[in-house]
Amino acid sequence: MNARVVVLAAGVALLAGVPLAATLAGQPYYIDLIRRVMVFAIAAASLNLILGYGGLVSFGHAAYLGVGGYAVGIFAFYGVHNGWLQWSVAIAASALVALVIGAISVRTRGIYFIMITLAFTQMLYFLAVSLEEYGGDDGMRLKVKSQFSGLIDLDNPVAFYYLVLVLLLGVVYLVHRLVNSRFGLVLRAAKSNEARSRAVGFSPYAYRLVAFVIAGAICGLAGALLANHTAYIAPAFMEWTRSGEIMFMVILGGMGTAPGPALGAFALLLVEDLLAGWTQHWQVILGPLLIMSVLFFRRGLAGLLPRGGDDG
Amino acid sequence: MNLILVFEQLLNGVQFGVMLFLMAAGLTLVFGIMNLVNLAHGSLYMVGAYLMVAAAQWTGSYLAGVALGLLGTLGVGMLTEVIALRTLYERDHLDQVLATFGLILFFNELVAIVWGRTALYTSLPAWLQGHLEIIPGSIYPVYRAVVIGVGLAVGAALWYVVARTRLGMLIRAGASNRTMVAALGVNIRLLYTVVFGFGAALAGLAGLMAGPIYAVQPGMGELILIQVFVVIVIGGIGSIRGALVGALVVGIVDTLGRAFLKPLLGHFISPPAAEAAGPALASMLIYLLMAVVLAVRPEGLFPAKSG
Amino acid sequence: MAEAILEVRGLRKSFGALAATDGVNLDLREGETHAIIGPNGAGKTTLISQLAGNLRPDGGSIFFAGEDVTRLSAPQRAQRGFARSFQITSVYRDFSALDNVALAVQAHAGHSFRFWRPARAERALRDPARAVLEEVGLAARAGVLAANLAHGEQRQLEVAMALATRPRLLLLDEPVAGMGQEESQRMVRFLAGLKGRRSILLVEHDMDAVFTLADRISVLVYGRIIASGAPAEVRANPEVRRAYLGEEA
Numbered sequence: 267m268n269a270r271v272v273v274l275a276a277g278v279a280l281l282a283g284v285p286l287a288a289t290l291a292g293q294p295y296y297i298d299l300i301r302r303v304m305v306f307a308i309a310a311a312s313l314n315l316i317l318g319y320g321g322l323v324s325f326g327h328a329a330y331l332g333v334g335g336y337a338v339g340i341f342a343f344y345g346v347h348n349g350w351l352q353w354s355v356a357i358a359a360s361a362l363v364a365l366v367i368g369a370i371s372v373r374t375r376g377i378y379f380i381m382i383t384l385a386f387t388q389m390l391y392f393l394a395v396s397l398e399e400y401g402g403d404d405g406m407r408l409k410v411k412s413q414f415s416g417l418i419d420l421d422n423p424v425a426f427y428y429l430v431l432v433l434l435l436g437v438v439y440l441v442h443r444l445v446n447s448r449f450g451l452v453l454r455a456a457k458s459n460e461a462r463s464r465a466v467g468f469s470p471y472a473y474r475l476v477a478f479v480i481a482g483a484i485c486g487l488a489g490a491l492l493a494n495h496t497a498y499i500a501p502a503f504m505e506w507t508r509s510g511e512i513m514f515m516v517i518l519g520g521m522g523t524a525p526g527p528a529l530g531a532f533a534l535l536l537v538e539d540l541l542a543g544w545t546q547h548w549q550v551i552l553g554p555l556l557i558m559s560v561l562f563f564r565r566g567l568a569g570l571l572p573r574g575g576d577d578g
Numbered sequence: 602m603n604l605i606l607v608f609e610q611l612l613n614g615v616q617f618g619v620m621l622f623l624m625a626a627g628l629t630l631v632f633g634i635m636n637l638v639n640l641a642h643g644s645l646y647m648v649g650a651y652l653m654v655a656a657a658q659w660t661g662s663y664l665a666g667v668a669l670g671l672l673g674t675l676g677v678g679m680l681t682e683v684i685a686l687r688t689l690y691e692r693d694h695l696d697q698v699l700a701t702f703g704l705i706l707f708f709n710e711l712v713a714i715v716w717g718r719t720a721l722y723t724s725l726p727a728w729l730q731g732h733l734e735i736i737p738g739s740i741y742p743v744y745r746a747v748v749i750g751v752g753l754a755v756g757a758a759l760w761y762v763v764a765r766t767r768l769g770m771l772i773r774a775g776a777s778n779r780t781m782v783a784a785l786g787v788n789i790r791l792l793y794t795v796v797f798g799f800g801a802a803l804a805g806l807a808g809l810m811a812g813p814i815y816a817v818q819p820g821m822g823e824l825i826l827i828q829v830f831v832v833i834v835i836g837g838i839g840s841i842r843g844a845l846v847g848a849l850v851v852g853i854v855d856t857l858g859r860a861f862l863k864p865l866l867g868h869f870i871s872p873p874a875a876e877a878a879g880p881a882l883a884s885m886l887i888y889l890l891m892a893v894v895l896a897v898r899p900e901g902l903f904p905a906k907s908g
Numbered sequence: 024m025a026e027a028i029l030e031v032r033g034l035r036k037s038f039g040a041l042a043a044t045d046g047v048n049l050d051l052r053e054g055e056t057h058a059i060i061g062p063n064g065a066g067k068t069t070l071i072s073q074l075a076g077n078l079r080p081d082g083g084s085i086f087f088a089g090e091d092v093t094r095l096s097a098p099q100r101a102q103r104g105f106a107r108s109f110q111i112t113s114v115y116r117d118f119s120a121l122d123n124v125a126l127a128v129q130a131h132a133g134h135s136f137r138f139w140r141p142a143r144a145e146r147a148l149r150d151p152a153r154a155v156l157e158e159v160g161l162a163a164r165a166g167v168l169a170a171n172l173a174h175g176e177q178r179q180l181e182v183a184m185a186l187a188t189r190p191r192l193l194l195l196d197e198p199v200a201g202m203g204q205e206e207s208q209r210m211v212r213f214l215a216g217l218k219g220r221r222s223i224l225l226v227e228h229d230m231d232a233v234f235t236l237a238d239r240i241s242v243l244v245y246g247r248i249i250a251s252g253a254p255a256e257v258r259a260n261p262e263v264r265r266a267y268l269g270e271e272a
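Residue numbers (the working numbering), protein chains in the order written: chain U, 267 to 578; chain V, 602 to 908; chain A, 24 to 272.
These are computed hints drawn from the structure, not numbers from a lab.
Check the hints yourself; a few may be wrong.
[Said to hold, decoys possible] Not the full set, but computed from the structure, chain V residues with beta-carbon under 7 Å of chain U: (1) 669; (2) 699; (3) 714; (4) 715; (5) 791; (6) 881.
[As the list claims (entries may be wrong)] Reference excerpt, derived from the structure (chain A facing chain U, CB under 8 Å, subset only): (7) 110; (8) 114; (9) 175; (10) 177; (11) 213.
From the three backbone atoms N, C-alpha and C, an ideal C-beta is built for every residue, glycine too.
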């Protein structure tokens, strides 16, 4: 058995064991904390597809957390609590928004792309702020969580936890299949050497756009999960600093690797949680830590794992 | 619609545009010459505002505040360049984005530690208060008129330096061929630090001028920075002219949009709908404009020939 | 009479006041190996870029198998059977040699909007890729990361990728550039083996390679073709000698 697979399986087992351990230790807070980390891991996994594997430095990925979250929130606002409907719309709406933003942005490269994705997300942020009906700047509470016709009760923290875990594993597996498919190889090839890809006959634009849409859709799901987790939806879901955080999760965990996003989400959020426990001014410490990680720790955490297959 | 009101809002738009221009010029200079994406440019704007307010309160003199604010930002900028940014020149844009993002967190929190999170307000000296009658019947704040004047003057000076002086020549040469300039014996490191300081000073100037008009608080830099990005995308990166045109366009469109979109919409759709849609659309206006420009000219309106 | 697979008529490209391509007429017959030579600064790179679709000409036209491709992009030309190798090695450094060639095969094996099946398991892609690697002599290095291949092997990989697309026209930009004596000779022998079976437009500095491989040679000087014909003719042409050797012909 591959050493890497063993380590990853152990990680999954650990995650699966958290609710039991936390309950036994009388610390149910950890179920919430790790669940939150896993929701962000899903968002990071979606960004990893376009950033880690595709080389698209999207600084606006938090937009889809917002679209997904508001989809749930707005439905709930009007008394529609059907989770199947809410979450389907969350995903579809995010895909649509990604399609529109992507169609304009993916044509550009380099610094333009970074600035444009950031700008569009800011635009959505302002849009959300201006929607007084849905709480404006303060946002709105989610009084009733998404209902799934009795199949699962999201008010049960442990059940919700396992749902997120299963979805995380599903998303990681989905991304894994995607990046090794014909589609994924073209995406990765275009990142590796664009001129060569064009010479061989590939036009990267279409592939990048599709990847952008898929990533947006998955992040929309994360948004729906986040809304249910925090029982609150606010424009802050789409704050530009959020986009930066998700990017850091991808980098810290290891770009273009399967376990990277989860590792990165854990690392960043747990460090934040730890620092926040010490001082309310934790960002003054986090900032330099992040700078140093970029300067000295570029490979990311996944680079510390035993070697595995081609795509990591 | 009151023409005088339109005129005043137009001037406000120019004033906002001028500040965007100062920021955009600094950012585009640094990117054009050093190929550095500096997200912390907004932090320098914030530092300029804070230092000016603090220095003005400490010395009791507005002008001393301005001078110290400017010098202080220059110092902070160059210090940051030497300590944190030097290693980033060889790194790719992603690394630069991430590292300067870390700088933003650091600066925002540092400022919050020293001055707290509530917005600071500063008062203007008597000679900057009051109003001018630029066209008969209008009253326009003296301060804002001064901001426009200063901004345009700096723009002219910038153009002069870049187009007509030896330093400007080095800057333009450095932008198009770094290794060549270094091979000619020019101290590239020093040049970079100077250019960065230049950019920092521009941001600081914009910040200290913004102080009396906008709220001075942590995070103020990022709000304007994202708008500066829109300016650069519309104007085209690497060119001062693009920065000016882009800045004025964005400044005017944004200001006029916020002032007149709601009443304008009210002519076409029902007032309550306009009430809701107006502000929403107004805040999205410059981004929609950016999308349109991108659709038509992906490189921006005046892209510099890339080096 | 062999068909002209490539026809270039009156191609022009200027950068400011400099006419890098100054009314170039060129053609390549099917099955022919046509070499383009010229002193440094003649404009070979600019010409190649325009032929490959990376640079828009200011004027003139390029016909590929009778079709006007002047306005087509590089990927579009590649899809029509146009393959090129780069002067400065341009392979997928973080992929294995086999992956590199398989990607070239994939570009011409139906669409790539398949999202689930691992491409590395597709026999239809791997088998032809292996065959091409075998042809160029890299079969033993199939699993090696391209970045870890020797320079000469990377050049071979370049050619392999071009061949894998089963092109109708091969544009080889200095295939033996930077290769040692033995490696060059091996590459030239390989390319000689392709003669007649492929239409090759070869840009080269290495005169041994050129005279071994070329059926026809065109000489590019300051953006214009000053001579074109059989190797012996061109070698003896006084203008050509002047262009290469200066005044003392």
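Quick rundown of the hints versus the structure:
Among the interface hints, the one on residue 669 of chain V is violated; its C-beta lies about 23 Å from the nearest C-beta in chain U, farther than the 7 Å criterion. Proximity of residue 699 of chain V to chain U holds as hinted, the smallest CB-CB distance being about 5 Å (cut-off 7 Å). Contact between residue 714 of chain V and chain U, as hinted, is supported at the beta carbon level, the nearest pair being about 5 Å apart and thus within 7 Å. Taking 7 Å as the C-beta contact cut-off toward chain U, the hint placing residue 715 of chain V at the interface is violated, the least distance being around 10 Å.
Restraint check, residue 791 of chain V versus chain U: the minimum CB separation of about 22 Å is more than 7 Å; hint violated. Of the supplied interface hints, the one on residue 881 of chain V holds, with its beta-carbon coming within about 4 Å of a beta-carbon of chain U, less than 7 Å. Interface hint status for residue 110 of chain A: violated, as the beta-carbon distance to the closest one in chain U is roughly 12 Å, over 8 Å. Annotation: residue 114 of chain A was flagged as interfacial toward chain U, and the flag holds, the nearest CB pair being 6 Å apart, inside 8 Å.
The beta carbon of residue 175 of chain A is not positioned within 8 Å of any beta carbon in chain U (closest approach about 18 Å), and the interface hint is therefore violated. Contact between residue 177 of chain A and chain U, as hinted, is not supported at the beta carbon level, the nearest pair being about 12 Å apart and thus beyond 8 Å. Violation of the interface hint for residue 213 of chain A is found here, the shortest Cβ-Cβ separation to chain U being roughly 20 Å, above the 8 Å cut-off.
Violated hints, listed in ascending order, are 1, 4, 5, 7, 9, 10 and 11; each of the other numbered hints is respected by the structure.
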